[in-house]
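So you can see what is in the structure, the chains are spelled out below.
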Amino acid sequence: MFRYLVQRLLVMIPTLILISIAIFVIIQAPPGDFLETYLAELQSQGEAVDPAKIEFLRRTYGLDQPIHVQYLKWVGGLLQGDLGYSFEHSMPVNEVVGDRLALTVVVSLASILFVWVISFPIAIYSAVRQYSVGDYLFTFLGYIGLATPSFLLALILLYLAQVYFGVSIGGLMDPQFEGQPWSWDKMQSILAHLWIPVLVIGLPGTAGMIRRLRANLLDELNKQYVTTGRAKGLPTGRLLVKYPLRISLNPFIADIGSLLPELISGSVIVSVVMSLPLTGPMLLSALKSQDMYLAGSFLMFMAFLTVIGVFISDILLALLDPRIRLGGGVAK
Amino acid sequence: MKRRDFLLTTLGAGLVLGARSAFADFIGSPYFAGAEAQGDLPPVAERLPRNPAVARMLEQGKLGGELRMLMANPKDTRVLVAYSYARLVCYDTEYKLQPDICASFDVQEGRIFTFKLREGHKWSDGKPFTSEAFRYFWEDVANNEELMPTGIPTTLKVDGQAPTVEFPDDLTVRYSWDKPNPDFLPAIAGASPLYIFRPGHYLKKYHKKYRDEAELKTEVEESGQPSWAALHNRKDNQYRNDNPKLPTLDPWTLRNKPPAERFIFTRNPYYYRVDEKGQQLPYFDQVVFDIRDSKLIPAKAAAGETDLQARYLRFDSYTILKEAEERDHKYVVRLWDDARGSNFAIYPNLTTTNETWRKLFRDVRCRRALSLAIDRNEINQAIYFGLGVPGANTVLQQSPLYKPEYTTAWSEQDLDKANALLDEMGLTQRSDDGLRLLPNGEKMVIVIDTAGESTEETDILQLVRDSWRKIGVDLFSKPSEREVFRNRVFSGESIMSVFFGIDNGVPNADLSPWEFCPSTQQQLQWAKWGQFIETSGEAGEKIDLPEAQHLFDLLQSWRAATDGGVRAGIWDEVLNIWSDQVFSIGTVANVPQPVVVGQHLHNVPEKAIWAFDPGAHFGVYKPDTFWTDSDRPLSPIPE
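So the sequences go chain by chain: A and B. Going by the numbering used here, 110 is the number at position 110 of the first sequence; the sequence numbering is gapless. Going by the numbering used here, 543 is the number at position 211 of the second sequence; the sequence numbering is gapless.
The set of hints was computed from the structure by calculation and includes no laboratory data. This one's a predicted model, so the numbers in the text were calculated from it and none came from an experiment. Don't take each hint at face value.
[Unchecked claim] Each computed DSSO-like pair below joins lysine-lysine, with the alpha-carbon atoms no more than 27 Å apart:
1) B:810 <-> A:288
2) B:627 <-> B:589
3) B:939 <-> B:662
4) B:407 <-> A:186
5) A:73 <-> A:288
6) B:448 <-> B:489
7) B:540 <-> B:589
8) B:537 <-> B:567
9) B:407 <-> B:577
10) B:589 <-> B:459
11) B:627 <-> A:186
12) B:589 <-> A:186
13) A:73 <-> B:549
14) A:288 <-> B:627
15) A:186 <-> B:662
16) B:654 <-> B:939
17) B:589 <-> B:537
18) A:288 <-> B:407
19) A:242 <-> A:232
20) B:407 <-> B:537
21) A:288 <-> B:589
22) A:73 <-> B:567
Just chain A, same shape as in the assembly (with noise of 0.2 Å):
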């Protein structure tokens, strides 16, 4: 075990590495560099800029080296913890996602806890249950929360809770409350903006887990041993949650790898969509101005907590999980 774990931890240097090169190329892909985006964007605006300054800035910036010397700069920095400049809002990387952050944890925990709240019983009665009415309402549901397109989705109850409750479109709380101490009024006016997000977000993630935690349970209560407990008496609600309901778990641990980079990425074209303070359309936008070293830094860090989540969910697999053997040579 602790040969493999060693040796799971060396592989992530070299993967990181790969990532942070692919990272940097398609960034710089595009022709042109943040400096070019920002010229056109203040032409758009009718406003002239002096070429000799876009020039100044360029050199300022680093922008006239070869990219291999820009990316070494840019490794360098995040070794030592400098996620490094951002163009478009001139301050540190750090400085920009700040705010942010905390918030899109907050959507991101609140969206996975619905999705597990809702999917659990769901999916243990439509298994029970399997063909009956309430199966069959459930698997419907399920379908049209894995068909819609979670940005109509977002429209149509933006546009509802308008109409209807009054709430202010897009954002996470009433523009009054923005950049405002936290007070009772402002967590009341955030709670009445999350719901929204949070059924966006979670209902695609909700219909799937159903599907393939009810798929799995079938699997199990389909076994002998499961028959056999059955005749030999074993009330239903131990003989359920006992055996089947762990082993059925796997897809819950397996996702634990992807969750933790979803806590901070959130969903990009839904908080774009509804224009909310996360993290997701400063990623976007940065991408699109090619404010590299933000898009860069930012996609960085979302790779190193996907490879993180990674290691930690097979790490909890191997303990929950007996049938899973450690890959060939080493478990021997």
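Fit chain B to the known structure of chain A by using the hints.
For chain B alone, kept in the frame of chain A given last:
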């Protein structure tokens, strides 16, 4: 001194000199009552200059209240600097220059500019605003190699020569050149202006000259900026308005630090303008910017979540705005005139690298034929509900230089004439599907590059395509990204492009006709000629079309002329050549700009021109004179 300039200055000076005696007492906003009582702020009479500027307006207002607007980007704090439009000299609604921050100005021979400041005028932190602010800019910023490594701003140079700048006393500043500099005052009065003054008393603490080197160095390192110059530039951004600590002369000052989801600007206690009753402007105590995605802004405006909005609203949201207006009565939608010469125009690339097309486009008959074939009425009806004005890409009716024939020249659909022109050029061979054949045997198919930003462009091109098919020309649009698009045009890869029409469709003779003459690379019909001029011959191509050369020469003579009559004559000639040569193909102009105005708002014009430069959007209508009769409480200031 020219008579026109003389009149201007004396008029301006007369207005303000008479001011002080006219008021029994100045009235300040109750907003500062607490601070005044505590002794944190001096009384209003001491905060105003000795000769404050007096604002003329429709109805005298009442102090207080809050103005909410929606913006799409945390960097939009700069929009308030444009809207506030406090400039050393500014344009009035007729686009004539007037003294604004300065008490008066004087121009001799178009080359010696003297500004007189207001006595007792103060920055928003209460420190005096004198010629020292101008000296700091000129000596310590503009001429500092580290702060401005590329030298002084180009508008301050005439033929590469820098001005002589003098500060005869605390209230006088003089810029002089050997030759006229017609770009100087327009740059100062611009929406995104050239600031020739700086709050030196604040910025000195970031300037190498005034600080202990070691101390400054640690501060630079802490800030994460690469050098002291970068730190100084970061703190000193009057236009971007992203530093709440930077003293300003604007009516409202930023209170919280970007980036944020909401920005609050509160009134500047030392603002220099009063209304005719002696109340210190601005009327609004507070301006609020809420940052939301630009696509949500029309919906939020319709829900009444803004008091004054035009930015991020386009004509295509007019119907939903109007519907909500009639349902909720929270606001009225006004339609202002967009100042662009044409909402979208088509630019044949005269400097394309494609030999065949370059030869064709340089033949004026080809450009005229393509223009004649377009059914502009159909575009106007189908896309703008018939509310625009179909015509060429040129000056608009609101401009004093306008002549009806500029709009109609080669722009009323006439398929026979268009066909005849193309036949005359020898393009008589046709393919099986009725398309004309180029001299090299290929079909006459034009690929138009678009910046790919709105469906409006592609919709227009689709309609253009239908009518061009009738003269045997086919069209495809090629959407790309804006930077890619520009680079394709610059390099000559693209043969034709579609983009916004000329920016300022309402010029007068005192504004430069540069948009109509080869002058910069940004001009999509002759990018390489423009580049040649911009780089003084280092890159690009020399102009080799007589008509374009003529336009270029006219621009030079306009710059040398200081007399209004001569300038107007040059403008006439420029516009004549421009219309006759069809260097760009216009579609529909005067497309209305929806402006959402809260029911409780006063002094916002019913009908006006929506233009960025000159005009600064709301700027020339002076939002410091807008006021409200709503008693909605002020929003708290974010931390």
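Right, here's what the structure says about each hint:
| no. | hint | verdict |
| --- | --- | --- |
| 1 | B:810 <-> A:288 | holds (20 Å) |
| 2 | B:627 <-> B:589 | holds (25 Å) |
| 3 | B:939 <-> B:662 | holds (19 Å) |
| 4 | B:407 <-> A:186 | holds (25 Å) |
| 5 | A:73 <-> A:288 | holds (22 Å) |
| 6 | B:448 <-> B:489 | holds (22 Å) |
| 7 | B:540 <-> B:589 | holds (25 Å) |
| 8 | B:537 <-> B:567 | holds (10 Å) |
| 9 | B:407 <-> B:577 | holds (16 Å) |
| 10 | B:589 <-> B:459 | holds (22 Å) |
| 11 | B:627 <-> A:186 | holds (26 Å) |
| 12 | B:589 <-> A:186 | holds (21 Å) |
| 13 | A:73 <-> B:549 | holds (22 Å) |
| 14 | A:288 <-> B:627 | holds (16 Å) |
| 15 | A:186 <-> B:662 | holds (26 Å) |
| 16 | B:654 <-> B:939 | holds (17 Å) |
| 17 | B:589 <-> B:537 | holds (20 Å) |
| 18 | A:288 <-> B:407 | holds (15 Å) |
| 19 | A:242 <-> A:232 | holds (15 Å) |
| 20 | B:407 <-> B:537 | holds (25 Å) |
| 21 | A:288 <-> B:589 | holds (24 Å) |
| 22 | A:73 <-> B:567 | holds (26 Å) |
Checked against the numbered hints given earlier, the structure satisfies every one of them.
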